[in-house]
Amino acid sequence: DSGVTQTPKHLITATGQRVTLRCSPRSGDLSVYWYQQSLDQGLQFLIQYYNGEERAKGNILERFSAQQFPDLHSELNLSSLELGDSALYFCASQEGSGGSYEQYFGPGTRLTVT
Amino acid sequence: GENVEQHPSTLSVQEGDSAVIKCTYSDSASNYFPWYKQELGKGPQLIIDIRSNVGEKKDQRIAVTLNKTAKHFSLHITETQPEDSAVYFCAAPGAQKLVFGQGTRLTINP
Numbered sequence: 001d002s003g004v005t006q007t008p009k010h011l012i013t014a015t016g017q018r019v020t021l022r023c024s025p026r027s028g029d030l031s032v033y034w035y036q037q038s039l040d041q042g043l044q045f046l047i048q049y050y051n052g053e054e055r056a057k058g059n060i061l062e063r064f065s066a067q068q069f070p071d072l073h074s075e076l077n078l079s080s081l082e083l084g085d086s087a088l089y090f091c092a093s094q095e096g097s098g099g100s101y102e103q104y105f106g107p108g109t110r111l112t113v114t
Numbered sequence: 115g116e117n118v119e120q121h122p123s124t125l126s127v128q129e130g131d132s133a134v135i136k137c138t139y140s141d142s143a144s145n146y147f148p149w150y151k152q153e154l155g156k157g158p159q160l161i162i163d164i165r166s167n168v169g170e171k172k173d174q175r176i177a178v179t180l181n182k183t184a185k186h187f188s189l190h191i192t193e194t195q196p197e198d199s200a201v202y203f204c205a206a207p208g209a210q211k212l213v214f215g216q217g218t219r220l221t222i223n224p
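Residue numbers (the working numbering), protein chains in the order written: chain A, 1 to 114; chain B, 115 to 224.
Some clues are possibly wrong.
[What the hints assert, rightly or not] Derived SDA-like pairs: lysine to any residue, alpha-carbon spacing no greater than 20 Å straight-line:
#, chain 1, residue 1, chain 2, residue 2
1, B, K185, A, D40
2, B, K136, A, A87
3, A, K9, A, K57
4, B, K156, A, E102
5, B, K156, A, S65
6, B, K156, A, D40
7, B, K156, A, K57
8, B, K156, A, S38
9, B, K156, A, S2
10, B, K156, A, R22
11, B, K185, B, E170
12, A, K9, B, L154
13, B, K182, B, E153
14, A, K57, B, Q210
15, B, K182, B, K156
16, B, K156, A, S24
17, B, K156, A, R26
18, B, K171, B, L154
19, B, K136, B, Q210
20, A, K9, B, E153
[As the list claims (entries may be wrong)] Taking beta-carbon pairs under 10 Å as the criterion, some of the chain A residues facing chain B (in silico):
#, residue
21, T7
22, L11
23, Q17
24, V19
25, T20
26, R22
27, Y35
28, G42
29, F64
30, G84
31, A87
32, F90
33, C91
34, Q94
35, G99
36, F105
[As the list claims (entries may be wrong)] For the chain A half of the interface with chain B, some residues (derived, Cβ under 7 Å), not all of them:
#, residue
37, G3
38, L43
39, F45
40, G52
Hints in this document: simulated from the structure, not taken from any laboratory. All values derive from a computational prediction rather than experimental measurement. C-beta: ideal position from N, C-alpha, C; glycine also.
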């Protein structure tokens with residue numbers, strides 16, 4: 001158990017809909033990273049927040065947005081869903097900001113768009 | 115980081131043999147190199163990491179070696195067991211984030 005929690009575990013929805021994925025970081029960690037992993041693919045970095053502020057952006061679609069709240073949990077919002085958005089979505093947390101910290105992943109949310 | 119190349123993409127070894135996965139990175143200033151193991155349907159798990167001030171680190175059957183001059187680092191698994199079957203990812207620092215390799219699917223044959 002990494003200490004990072006994600007809800008829900010599974011989500012099935014229809015094209016055109018909007019969903020919200022939630023992530024709670026490990027106690028004491030200020031950074032949250034979001035990744036997308038399609039079937040048999042690698043980890044695609046989406047976005048990073050540090051202590052409530054957006055710090056880095058990757059290949060995140062305009063239909064996707066995220067935020068980090070004062071209690072440090074983060075939400076990833078996916079709208080106008082398409083079949084191709086079906087994937088595993090992971091969040092990860094680390095103590096600081098940048099690439100030199102130990103990063104711990106949550107169990108993921110499996111999104112299926114039908 | 116920013117570019118991390120990982121080889122091979124798939125690796126099949128007999129139980130009890132050793133497995134080696136290699137990664138190269140592009141940024142000579144990189145100073146932290148973690149390895150993750152991802153089992154089917156689960157999140158990646160940090161299994162070992164190394165910082166640039168050492169050349170090798172071991173933890174039971176796994177070890178990581180770092181060659182800063184050549185800008186590559188490797189994961190070594192000895193006496194492989196069926197539970198070592200998984201996808202392994204290397205990573206290196208990029209701008210504000212870790213940059214991950216493409217992953218290696220390791221299969222341990224009984």
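Tell me, in ascending order, the numbers of any earlier hints that this structure violates.
Violated: hints 1, 2, 3, 5, 7, 13, 15, 18, 19, 21, 22, 23, 24, 25, 26, 29, 30, 31, 37, 40.
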